[in-house]
Amino acid sequence: MSSRDTQRAQRRENPEPSEGQRPVPRLVILWIGVLLVWGVGYYAWHIGAPLTGGDSRTAVVQEPAGSGVNGEKLFTAQCAACHQPTGQGVAGTFPPLVGSRWLLNDPALPVAIVNDGLSGPITVGGDDYQGNMPAFGDKLSAEELAAVLSYVRGAWDNDAPAIEPARVQEHRERHGDHDAWSVEALGDSFTLPE
Amino acid sequence: MTPTIAILLIITFVVSAVGLLLLIWSIATNQFGHGSLAARTIFLEGEEGHSEDPARTVTPETTDDNIDADELRARGQADLSSRRATMAWLGSAVFWLLVGSGYGLLTSAKFHWPELLADSEWLTFGRVRPMHLNAVAYGWASMAGVGTAIFLIPRLFKTALVGGRYALTGAGIWNLGMLLGLVSINLGLSDGEEWLEFPWQVDILFVIGGALCAIPLVLTAANRRVAHLYVTSWYLLAALVWFPILFLLANLPGLFPGASGATVNWWFAHNVLGLWVTPIGVGIAYYMIPKILGRPIISYQLSLIGFWSLALFYSQVGIHHLVGGPVPTWLVTLSIVHSVMMSIPVITVAINHHGTMWGHFGMLRRSPTLRFVWIGALMYTVSSLQGSMEALRSVNVITHFTHYTVGHAHLGMYAFLSMILFGAIYFIMPRLLNWEWPWRPLITLHFWLVSIGILIYVVALSVGGWLQGLSLLDADTPFMDIVRLTLPYLEARTLGGALMTLGHLVFAVHFVAMLTRRGKDRRQPTLFRAGERQHKHSSVEVQQ
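Protein chains in written order, with the numbering used here: chain A, -14 to 179; chain B, 11 to 554.
Warning: the hint list may mix true and false statements.
[Claimed, not checked] Pairs of lysine to any residue residues, derived as SDA-like cross-links and limited to a Cα-Cα distance of at most 25 Å, are as follows:
1) K58(A) x D142(A)
2) K168(B) x L82(B)
3) K168(B) x G5(A)
4) K58(A) x P488(B)
5) K120(B) x G136(B)
6) K120(B) x A419(B)
7) K530(B) x M118(A)
8) K168(B) x R235(B)
9) K168(B) x N(-1)(A)
10) K58(A) x T(-9)(A)
11) K168(B) x T(-9)(A)
12) K58(A) x G18(A)
13) K58(A) x D486(B)
14) K58(A) x F79(A)
15) K120(B) x S194(B)
16) K120(B) x N196(B)
17) K120(B) x L480(B)
18) K124(A) x L171(A)
[Stated by the list, open to error] To spell it out: a stretch of chain A is covered by chain B in this simulated footprint if at least three of its residues, at any positions, have a beta carbon under 8 Å from a beta carbon of chain B; those stretches are:
19) -2 to 12
20) 22 to 33
I should point out that these hints are in silico values taken from the structure, not numbers from a laboratory. Ideal Cβ positions, reconstructed from N, Cα and C, are used throughout, including at glycine.
Kindly generate the complete structure, drawing on both the sequences and the hints.
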């Protein structure tokens, strides 16, 4: 084979490429100048921006957890099965919440009972009950517990002031992971209503 | 950001930019001894001013008159020396393109058809998606880019490739790395950072394979027989120097934990685009456009600005992926400024490429190489300017974490880079095999399938991604409503991806047919359409 046959494509090619000498258009020089000025300005403009995050967008404002907690819904979900939606309880089995001085007098008592549970005999409104109240401290946050207690203290005919989450927090810090209270144990730590 | 940090940034920025402009000015005005004159003398005697149609029929009479015997000998020697290595890298690239397309299509389908093959752990989204990325980025784009560089560098330096056997061995090791890397990802042994999924033990193979290829190319450059380095060789050599450094640093195990790891991750991932595939793509376009038109690139000065500003500005842009992330504000701000400064190299390269094409767009109708490469060059302009916009905080707040970014990535990696690589392969193979592409309709079919495919792909994801971004900013819109909103666009993306994959199958079949020398033994190049002049000459052909 002659070189004519072996390099067909190479033969019909244009020469290797090269560069012309057209000067840089003025608009390009102008654009470079504009960008340099813009770059300096952009840096300067970010003086005072937060040091971390690298972003100027505003995060969507979320309501702090707790203020959106609904005491009534919590009551329906957690409490109403025993204490009944009316708060009257079930005679001889589950004590009533309406008018109960265990609930309405010293806020520390209901916080302790709901947070840690209660077992053993208890007298509510003149009737005796065999207490078997479960603990809610590991199910409900301080905000939720305060919300549900505030709800029952103000619902139906009850008219006691709300309970702040801080009080629940304080109880948890003071008593830690407490077993279910008995009435005697409650009497050692708190002022009993009757 | 404190005033001190801002002032330091401003001083660095101004000093480096002014220093760069001084460097460019001194090269352009011949302060270093050779420059503009050397650029002009690149034409061999008797060649300057010849504008040749690549579609021109080759008749022995015209050819021998036009081409300098030394030029032809150098060209033949260069092509012969790089032949086997180039074919190994390009052939492997086409194989990995098919693998990568298959996994890409599967990934895309899973977005709107989540039950598809979901009960096999080998085919879950978390594994097939990185397999797609790594197959196309390191298998297709990188191997085709290296193959083209192996072909072009001996030509640009008018000398034989030194150590072609090493480059051939390098292809083998690189392919082994690809295989082991993809299998590792499929087994769930991923490094867990995007673009860096291959385990570092496998990465060693890429370092060795790449080095076996880079060293011959650097030695070839040292053996050069030209006084002036044409712009393509700057880009190709720079890419071959930059990429190993990036790849090695980013893959060093255990060096960058936590937020600094994320910073290095995106520094690397964006530099794969800007300092590896961009210089390859732009360099190839700088070669193919003037080569096929037979006209010089219009401006040496613009080439200088384009190349050096890319080198200065690109390395810092990747951090714009972390706008809103846990990295210092000054770093993100630096990266945004540099992202916008990228419009300087992009605009200068665009003027050079498209200005050279000006008045010769008619040739796009016939030359496959020119059509693929020029569309790729045009998409480089579009995707880069789009990228500069996306880095701005006001735009980023909408497009970040949406399908818009994916559309942009494919505009760059596919519509820009892959189109240019297709064009380069159409140019290179006839010169290596001394055979013409067998079937013209297959080139036409390939072109339209991938062009329409990527058009649907990018438009669908850009529109869908933008709407998705706007909805995500509205806190009242339920998340599932946003997911449902994107579904038609994701289905369109699968349609576009299917067309592209089909185009790749057509291309691969044609590539294999070319390798096995199917079709007729012809002397005319295979073009989109036969020109009138060719018909006239066809009688001459028959007589020969």
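Results for each hint:
1. At roughly 19 Å between alpha-carbon atoms, K58(A) and D142(A) fall within 25 Å of each other, so this suggested pair holds.
2. Under the criterion of a C-alpha separation no larger than 25 Å, the hint pairing K168(B) with L82(B) is consistent with the structure, at around 10 Å.
3. Between K168(B) and G5(A), the direct Cα distance comes to roughly 20 Å. Compliance with the 25 Å bound is thereby established for this hinted pair.
4. A threshold of 25 Å between alpha carbons decides the hint, and for K58(A) with P488(B) the separation of about 23 Å falls inside it, so the pair holds.
5. For the suggested pair K120(B) and G136(B), the alpha carbons sit about 11 Å apart, so the restraint of at most 25 Å is met.
6. Of the supplied pair hints, the one linking K120(B) and A419(B) holds, its CA atoms being roughly 19 Å apart against a limit of 25 Å.
7. Restraint check: the Cα-Cα separation between K530(B) and M118(A) comes to about 94 Å, which exceeds 25 Å; the hinted pair is violated.
8. Restraint check for K168(B) and R235(B): satisfied, since their Cα atoms lie roughly 6 Å apart, inside the 25 Å limit.
9. This hinted pair checks out: K168(B) and N(-1)(A) have alpha carbons roughly 15 Å apart, not beyond 25 Å.
10. With a C-alpha separation of about 88 Å, the suggested pairing of K58(A) with T(-9)(A) is violated against the 25 Å cut-off.
11. Only pairs whose Cα atoms come within 25 Å are accepted, and K168(B) paired with T(-9)(A) is accepted, the gap being roughly 19 Å.
12. With a C-alpha separation of about 64 Å, the suggested pairing of K58(A) with G18(A) is violated against the 25 Å cut-off.
13. Distance hint between K58(A) and D486(B) is fulfilled; the C-alpha atoms sit about 23 Å from each other, no more than 25 Å.
14. Of the pairs offered as hints, the one joining K58(A) and F79(A) holds, with about 20 Å between alpha carbons and a cut-off of 25 Å not exceeded.
15. Between K120(B) and S194(B) the CA atoms are separated by roughly 21 Å; this keeps the pair inside 25 Å, and the hint holds.
16. For the hint pairing K120(B) with N196(B), the CA-to-CA distance comes to about 16 Å; that is within 25 Å, so the pair holds.
17. With a C-alpha separation of about 24 Å, the suggested pair K120(B) and L480(B) falls inside the 25 Å cut-off, and the hint holds.
18. Distance hint between K124(A) and L171(A) is fulfilled; the C-alpha atoms sit about 22 Å from each other, no more than 25 Å.
19. Check on the segment -2 to 12 of chain A: 13 of its residues sit with their Cβ under 8 Å from a Cβ of chain B, so the three-residue criterion for coverage holds.
20. Only residues whose C-beta sits within less than 8 Å of a C-beta in chain B count toward coverage, and the segment 22 to 33 of chain A has 9 of them, enough to reach three; the restraint holds.
In summary, the structure is inconsistent with hints 7, 10, 12 from the numbered list given earlier, while agreeing with the others.
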